[in-house]
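Chains as they are written, first to last, in our numbering: chain V, 1 to 377; chain D, 378 to 490.
Derived from the structure by calculation, the hints contain no laboratory data.
Treat the hints with care, as some may be off.
[Said to hold, decoys possible] With a Cα cut of at most 16 Å, we get these calculated EDC-like pairs of lysine to aspartate or glutamate: (1) V:Lys328 <-> V:Asp297; (2) V:Lys361 <-> D:Asp407; (3) D:Lys486 <-> D:Asp407; (4) D:Lys486 <-> V:Glu349; (5) V:Lys262 <-> V:Asp297; (6) D:Lys435 <-> D:Asp453.
[Unchecked claim] Derived, one-sided and incomplete: chain D residues facing chain V with beta-carbon distance under 7 Å: (7) His410; (8) Arg412; (9) Gln414; (10) Leu422; (11) Thr424; (12) Leu428; (13) Thr450; (14) Gln459; (15) Gln462.
From a predicted model like this one, the values you see are computed outputs, not experimental measurements.
We put the beta carbon where it would ideally sit given N, CA and C, even for glycine.
Below, each chain spelled out in residue letters.
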Amino acid sequence: MASEEPLFDPSLKKRKKKIVAFTEDPLGADADPTVPAPDTIDTTTISGEKVDLGPVTAHERMKAELGDDAEPKNEKEEKDDLKAMFGDLKKKKKKKEIPMDFGDDSGTSTPAPESSTSAPAPSAAIPDDLDFSDLKKKKKSSKKKATFDLEAFEKELNDSKTKDESAPAGEEEGEAPDGSHLDQIDETELGEDPFAVANDAPVSVDAGTEAWLKSDRDYTYQELLTRFYASLHAANPALLSSSSQKRYTIAPPQLFREGNKKSIFANVGDICKRMHRQPEHVIQFLFSEMGTTGSVDGAGRLVIKGRFQQKQVENVLRRYIVEYVSCKTCKSPDTLLTKENRIFFMACEACGSRRSVNPIKSGFQAQVGKRSKNKTG
Amino acid sequence: MSVQNLNSYDPFADEGDPLGDSADVGSTSDYIHIRIQQRNGRKTLTTLQGLPKQYDSKKLLKAFKKEFACNGTLVDDEKMGQVIQLQGDQRAKISTFLTDNGIEKSTIKVHGF
Chain V
1 MASEEPLFDP SLKKRKKKIV AFTEDPLGAD ADPTVPAPDT IDTTTISGEK VDLGPVTAHE
61 RMKAELGDDA EPKNEKEEKD DLKAMFGDLK KKKKKKEIPM DFGDDSGTST PAPESSTSAP
121 APSAAIPDDL DFSDLKKKKK SSKKKATFDL EAFEKELNDS KTKDESAPAG EEEGEAPDGS
181 HLDQIDETEL GEDPFAVAND APVSVDAGTE AWLKSDRDYT YQELLTRFYA SLHAANPALL
241 SSSSQKRYTI APPQLFREGN KKSIFANVGD ICKRMHRQPE HVIQFLFSEM GTTGSVDGAG
301 RLVIKGRFQQ KQVENVLRRY IVEYVSCKTC KSPDTLLTKE NRIFFMACEA CGSRRSVNPI
361 KSGFQAQVGK RSKNKTG
Chain D
378 MSVQNLNSYD PFADEGDPLG DSADVGSTSD YIHIRIQQRN GRKTLTTLQG LPKQYDSKKL
438 LKAFKKEFAC NGTLVDDEKM GQVIQLQGDQ RAKISTFLTD NGIEKSTIKV HGF
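The following block holds chain D by itself, in its conformation from the complex (with noise of 0.2 Å):
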């Protein structure tokens, strides 16, 4: 017979710094960002950055650019890994897309203007 309030459980065994498990509080690092970017003339970029690993970004970028009818690249970047660049200002249709496609809403970031 065991009583679970006698199990020997240390409450003030060290836990970890509890900030420690993420690299910097408040972190947005699981958020899906969708930026834009301006280039010459009204000319645009839109990237997507910080898709969840299950997600095939090379897949996903085709059906992009094919949904939105516009060009595109997959971008490695040092810091930010993958990132979806497209041209022109997507950010609208990138989130519904993403949204329809079952991806959670509050997981998606728009910036810009």
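This is chain V alone, in the form it adopts within the complex (with noise of 0.2 Å):
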């Protein structure tokens, strides 16, 4: 048995089912009712594919809908270039332009399309005494053009999968290979990703540059509304609700083997830090969710029993995130956790909601290893 490789990696088998959704909980009870949705939504599915969810907040959305009014003058420009390129051709291509929104195709957005629509251009061009060289000429910068945005598509995508496949604790979790189920309902369930980079997505604030603030036709609701946000968001980016709200982030933990039965958590203690919570009560909940045991070692670093990965860890300690540090009320991670007559309460520093939270329990343990080894009479 190779030890390098992941020995122990339970995920792997849920590979196959990974297209599947899996609509079942596997938290089960953890769901509770009263939280509320989840306030930002991932864009991608398992599977890593882009879907296009259309524009978030409202700004996006109007912005969206003037966009739509938007666009199409720069379609015509490069139309028009076209028609003249190509006469009669125009209405093939008229139609392959317009769908500009090519987020949720991309298996299907590959250029072979275009070279096919646009191989009898020399047919059709021909008789507009062109010469041909020139023409193919022509035609490769035109298609280019016309490729571009594919091309570019793609390239990103491409560049944003790999990325993630490099990167474990990568942005969007529910990209990963062999993500498993439980970590896109933790996902969904914290609403944010705790371990994500915080990546603020700068939404293009153009107050101001509006096309109709020069001419003296009546503005219309849309646009004044539009004006506004952008103004609005330009004055305090704090508003813009879920691209730059002050994200929860967590260095992912550090996860080393040690010998070949044993896992160290490297960072133990920055984690609890950064969740304001006592390490033991994370040891307590880490070791009776995964089922072992372990000590903590002179550089405080965290020695588990058993072969762990970083994204087991993770899986856990996301979970707890959702038991016992974000609020369930309003889902901000600023609590405080307190014992009082050996309950734990948790008082949220945001909102001043208190609740109880479950003891944490360790369950049935199940012999493992020589009987003989732990006797307890």
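Mind assembling these two chains? They're in different frames, but the hints should get you there.
Structure follows, in structure tokens:
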């Protein structure tokens, strides 16, 4: 058995089922009906394909609506170009130009159809007594223009895919190749990914650049509203809800293997500090969830018995955050855990809510290993 | 004729400790816990604990073994009661099996990584 390989990875088996939407909630009872729906929805499916969920914020929505008006202008220019070049081919081109949103058909967005449709170009264009070589050049350039978007998009897609594969604790955990369903559900429950790198997608705020400002026509309500939001967000970017919200980030757990049977969780102290939790509490939870034991070594690292990978520990930590860190009412991670009369209470710093949390109980521990080793009498 | 409002009812009567019924607050005793445990190598054990009394765990074990093509046993624990123990990681399979057979999904708790 190659010990370098992740010898123990139960999620490997799940890879087959990856595509099947797993409606089961493996956490079962954790699904608290009082938990509001997550305010951010992943725009990616489990398999990593992007899904166009439409605009997220009101501002974006309006942008998109207005954008529909704005974009065709550019397209028209391009189309005119093409029209000039390929006379009667125009119709075909037009059809292809319109769908600017390649978001949801990443699989089909290959430049192959491009060439097939522009193949009859010479025959169509020759009657216009154009120099053939010249035409070819032109065609090439125009084709490049047309396919540019596709290629760029594809490249981006591939880049993002490879990036996600290489970074195990990448920004969208759902794209991890063998992301188990536990992963996915935890994330949705939490509303956001605490292990994500804080990436504030810049929303282009262009106040005062609207074309209609100079013209003296009547402005529409939509335009004014967009303008309002644009200036509002320009003035205080904190209001941009999902994108610029202060994200709750935790360094991914660092797992090393010690020998053959132990794993070392190096930055447990750091993670506990970020969550404002006692390391003992976190460690207790980790052990009871993973069904193992362990100890803290001299350097403050946690030595866990058994082979664990970073992803697995991350999953457990995620569940810890859902249960013991993030406020069930407002999702804020600014909570304090206090113990009163043997009961743990979680008080939210942001909204002031206070609730008791389940005590950590380790369940049945099956007999593993030699019976003679742990004779307790 | 009886006026309901005038019924003698002492609102301050000792109802007993509101938390007294369950041994501890927020008790998870009514959950079905599905846990995983590592063995040597890449082998694992799945344990199912807290099965409601109305289900015959012996028959359930038999069904599990047949359905998941794994071996398993019934362990009697002093504290936890009867625990079904199966070979391999059967957590997802168990939870789908139980939900398919009419056990409320919210009562099943899957543990592990």
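Checked hints:
1. V:Lys328 <-> V:Asp297: 34 Å, violated
2. V:Lys361 <-> D:Asp407: 13 Å, holds
3. D:Lys486 <-> D:Asp407: Distance of about 10 Å is within 16 Å: holds.
4. D:Lys486 <-> V:Glu349: 29 Å, violated
5. V:Lys262 <-> V:Asp297: Roughly 12 Å separates the two Cα atoms, so the pair holds.
6. D:Lys435 <-> D:Asp453: 12 Å, holds
7. His410: 5 Å, holds
8. Arg412: Result: holds, 5 Å to nearest chain V Cβ.
9. Gln414: 4 Å, holds
10. Leu422: 5 Å, holds
11. Thr424: 5 Å, holds
12. Leu428: Violated. Min distance 12 Å.
13. Thr450: Hint on Thr450 of chain D: violated, closest Cβ of chain V at ~9 Å, above 7 Å.
14. Gln459: 10 Å, violated
15. Gln462: 6 Å, holds
The structure does not agree with the numbered hints 1, 4, 12, 13 and 14 stated previously, though it agrees with the rest.
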